[in-house]
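Each chain, written out:
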Amino acid sequence: MANLKNVTKKTKAQAMGMHTEVLTGRTQQKFFNPDEAENFYYFGTYDVDFNKRTDLDVKDMTAAEANKEIDNLMGQGYGTIVIKNPQGKHSIGVGILNKLNLIFEGSLGYFGIGSCDGPTVRINGRVGWSCAENLMAGKVVIEKNAGSCFGAAIRGGDLICKGSVGARTGIDMKGGTIIIGGDAGAFTGFMMQRGRIIILGDVGINLGDSMYDGTIFVGGEIGSYGSDAVDAELTKSDQDWLKRKLKVAEIGENFDVSKMKKIVAGKKLWNYDNLEPTEKKGAI
Amino acid sequence: MCGIAGLIHRGKSSKVGHELQGMLQALKHRGEDSTGYALYGDTDGKNFIMRFKVGENVGEGSTSIAEDVSVYDERKKMVDNYLAEMGAKIVKEERTLPYSLRYEIQYDKKDLLEFSQKIESIPGVEILSMGKSLEVIKDLGNAKMVCDRYNLDKLVGTHAIGHARMATESGVDIKSAHPFWGYPFSDVSVVHNGQLTNYWNNRRALENKGMRFMSECDSELIAVYLAEKMRDGASLEEGMKESLTGLDGVFTYFVATKDSLGMAKDTMAAKPLVLYESDDLVAMGSEEIAIRSILPQEIDTYDPFDGEVKVWQI
Numbered sequence: 001m002a003n004l005k006n007v008t009k010k011t012k013a014q015a016m017g018m019h020t021e022v023l024t025g026r027t028q029q030k031f032f033n034p035d036e037a038e039n040f041y042y043f044g045t046y047d048v049d050f051n052k053r054t055d056l057d058v059k060d061m062t063a064a065e066a067n068k069e070i071d072n073l074m075g076q077g078y079g080t081i082v083i084k085n086p087q088g089k090h091s092i093g094v095g096i097l098n099k100l101n102l103i104f105e106g107s108l109g110y111f112g113i114g115s116c117d118g119p120t121v122r123i124n125g126r127v128g129w130s131c132a133e134n135l136m137a138g139k140v141v142i143e144k145n146a147g148s149c150f151g152a153a154i155r156g157g158d159l160i161c162k163g164s165v166g167a168r169t170g171i172d173m174k175g176g177t178i179i180i181g182g183d184a185g186a187f188t189g190f191m192m193q194r195g196r197i198i199i200l201g202d203v204g205i206n207l208g209d210s211m212y213d214g215t216i217f218v219g220g221e222i223g224s225y226g227s228d229a230v231d232a233e234l235t236k237s238d239q240d241w242l243k244r245k246l247k248v249a250e251i252g253e254n255f256d257v258s259k260m261k262k263i264v265a266g267k268k269l270w271n272y273d274n275l276e277p278t279e280k281k282g283a284i
Numbered sequence: 285m286c287g288i289a290g291l292i293h294r295g296k297s298s299k300v301g302h303e304l305q306g307m308l309q310a311l312k313h314r315g316e317d318s319t320g321y322a323l324y325g326d327t328d329g330k331n332f333i334m335r336f337k338v339g340e341n342v343g344e345g346s347t348s349i350a351e352d353v354s355v356y357d358e359r360k361k362m363v364d365n366y367l368a369e370m371g372a373k374i375v376k377e378e379r380t381l382p383y384s385l386r387y388e389i390q391y392d393k394k395d396l397l398e399f400s401q402k403i404e405s406i407p408g409v410e411i412l413s414m415g416k417s418l419e420v421i422k423d424l425g426n427a428k429m430v431c432d433r434y435n436l437d438k439l440v441g442t443h444a445i446g447h448a449r450m451a452t453e454s455g456v457d458i459k460s461a462h463p464f465w466g467y468p469f470s471d472v473s474v475v476h477n478g479q480l481t482n483y484w485n486n487r488r489a490l491e492n493k494g495m496r497f498m499s500e501c502d503s504e505l506i507a508v509y510l511a512e513k514m515r516d517g518a519s520l521e522e523g524m525k526e527s528l529t530g531l532d533g534v535f536t537y538f539v540a541t542k543d544s545l546g547m548a549k550d551t552m553a554a555k556p557l558v559l560y561e562s563d564d565l566v567a568m569g570s571e572e573i574a575i576r577s578i579l580p581q582e583i584d585t586y587d588p589f590d591g592e593v594k595v596w597q598i
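First to last, the protein sequences are chains A and B. Note that the working numbering has the first sequence beginning at 1, numbered continuously upward. Note that the working numbering has the second sequence beginning at 285, numbered continuously upward.
FYI, nobody ran anything at the bench for these hints, they're computed from the structure. This one's a predicted model, so the numbers in the text were calculated from it and none came from an experiment.
Non-contacting residues of chain A with respect to chain B, defined by C-beta distances greater than 10 Å in every case (computed): (1) 72; (2) 115; (3) 137; (4) 156; (5) 230; (6) 240; (7) 254; (8) 269.
Some chain A residues near chain B, calculated using beta-carbon distances under 8 Å: (9) 87; (10) 88; (11) 89; (12) 106; (13) 110; (14) 126; (15) 164; (16) 186.
Beta carbons are placed, not taken as given, at the ideal position from N, Cα and C, and that holds for glycine.
Bound conformation, chain B alone (with noise of 0.2 Å):
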């Protein structure tokens, strides 16, 4: 069934790695084949965030396969092969994981389409973020676990959006794991509860259109749904309201950006959503313990409605 949630702070940054971990883990009996965070860290403002994978974490029912270490380091040479071509330069590198990496690069086109497709054009690499502020990390496993893996607990920033995965439609492996970059747009992410229905009809317009997929997991079309969207000269506002029609199913989903938070719920309200909002944070989840992990203390929630969009700034 799967357990989304989010946070906003307004007018402050705080460890938004910790609160959404705590959020995570109350909703870990929603699923937890695998847990995703996207983190909008504080940063300059400078460099680019990459956070990519040379290889999967092959769960039960994955398409992937698993492969040795010396594979990873292969494509991860042609990575830093192509960055170098491409005039990217690796300003800072982290290898948390033999298949899990980070890097912090000077890029100066604003353009990250033919970016990300020359590095994807590498087999097995796919890159899970790319932005200014933001960094997707996510793995097998519960909140828990892969916050101390990845060691989110002290990241501080504005805002982040999170989703614990009971595998459904799609195997249990990273590819399938929320959340979903906004690829190829800077610091867009996407989660989602619930299940579209008119995914292969949507994806195969979309990719008609040069659109971009890498799993079969049908939120992922949520997420290249507002990208084209936005491509076209939507806003993000625009782009989810247009969703509501233009998505069929159930569905409660979460898109962030550098600077807001956001949220829609389908014209049925049929997936679960709890929202608190004061002048200072927005927080909200699948459940209201997940908000409760955050804020303890007695505290005004509410339901949004069906077909709500809601669009919140730092």
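This is chain A alone, in the form it adopts within the complex (with noise of 0.2 Å):
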């Protein structure tokens, strides 16, 4: 194993299986000076206090109606937030820009938890598709199984799972971690560009299909792998990453990890070239 004291920051990260590309042109784009993020608010954050706890019943309440009840909650400086009766309804507990303590009693429908920034929410129950979409920081937590489309376009934050997930797992995510307790379906980290996928289950077919870049582990049986999806050596740093994690998330702590398999991308058909189709399909 590299001794991670004494290498560069980037050579750390190659170490760990991340970004042993380097990316030119728009990706490097800069946005903002990290030295002033603390001089940067989102547009209708708060500042909340956790120890402040309330419980919100929203068996009678749309979508909207819920959302916009937590926004009033958190402007009361509501921390911790319990929401009672969710019955499977849709985009609840979406665009959360602040730190928050949030807890479903029940399951969520389609896209919730869409476009957050922050929060820590945990689900005790199941979700539907597109939970945490575009999550870009936090830690969302689900206590049963989720559907397709589980963290969809993720920036960051860890988004775990404790049952299984449908298709399309981690679909465009370009950062952040997934974690799945079960199994996962068809076509998971289609077109990931980073990030991390852990899956201690089996996984279905075309694993990682057109990937860019990023990582995924696997501990059971893979259907099959994606296009440009290949196998890479799964190193000690990696296993020590996989055991942390794991058990940060406070599942899988026993799991054996040397046993996983590591799938990055082959990067054939990565940033794409100047080869006619018919010529790409004789290079891969």
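Reassemble the complex: the two chains are provided individually, in unrelated frames, and hints are given to aid placement.
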């Protein structure tokens, strides 16, 4: 294992299986100076007190009414909100851009916890399609199963499902970590560009299809590999990271990570070249 | 985008009309151009129940034309005459709407192909369903509107499937609405959410084999496809598994028979399905809120995986 204390930040990342390429062009565009980050605030965010707790029964509310009430409660400084009777409603808990402890006593429908940046969310139930889409930061834990497109296009944060998930988990993800305690469906990691997916169970067909970058770890059987997804060596630092991550995620702490498979992009499809489709077919 | 829902009680009967109405109404945002029910009621199993229409409820984009009630009356008389010619005795007759009828008939022959061909040789007449338990009811509007119009709320049975339709590739009318009867098989029905991309190739091949299509709706292909497989000796489950490769496109569909309910999901898993399964009840729908309409308490549900086929018995 590389001595991570004595290597540069960039080399450390590479030793852990991340970012082995150097991107150029638009993806390196700087939008603001990180040193000034503390001066940046989203419009409509709140300073909340985690010790200030309340319940919110959304049984007879529409999604819009429920989200507006969550916003009102955050505005009053409530930092811990328990949502009662979500009953599979769609699009609840979306657009939260500050720290918050959000607990759902039940299941969510589609597009729950969408476009969030910062909250810690626990769902004592299942979630439908596209849970936590576009998550920027924070932690989302689902106690049961999840539908398809779990964690689509997330940029950061930890997204944890203790049960099984549907197809296209982590589609188009650009960062962050997705951890699945059970099985995952077809096209997991489809077109992912950054970040890591950990699946403790089996995974369906076309794993990592057309992935640009990022890493997928699988503990069970793989239905089939997608186009340009290839095996990579599971390093000691990978295993250490997996152990830490699974422990922090409170899932699979005793899982034997040494037997996991590591899948990365072969990068033959990567960074579109000048080949004609017929030439590309031959190259692959 | 359409929504589908289905449920099966195992070992008991329930008000499946009411339950399915609740499930489909919860999915009305997925489409309310038309709604259809395939209900498997408790019967003594002696007589056939034939649901048929003698005219069309014409909506936007339909290729049918609106007609006078007198035309419907003429067609009904012709149906009655043909039934008498074939030795079928009408035991009970209901005419819910001018174009929609329900007959209970005594008919001893098992082969329904000749029977159906004869009835449907009358222009404008379509058998919506034929079976000892199955009743297909479909019309324009959302689930509650159709349920109220046809008094489905009190129907007691073991299982049911239904469809809330957003018309896309064909017009708004009854002939394009789901469920589709698995013509000419007794008590077989199908609902579908998705798009089939090899519809015309399959349709031409099946028509060459003598199978019948009543609409231009791609979903009808599934019913005909499965009917043809069963005609050739395949079991329902075998036919469904073959459909995963025989049908191209994206789809989740349900199929029901007199004593079973099945689901199939394409290999891309592109269409949604949430499933709840317990010892005495299986309920499934395009969205969890459909299941919640009959099971509001916290339950364990899951999404079936890609290429999955499941069949449950009553």
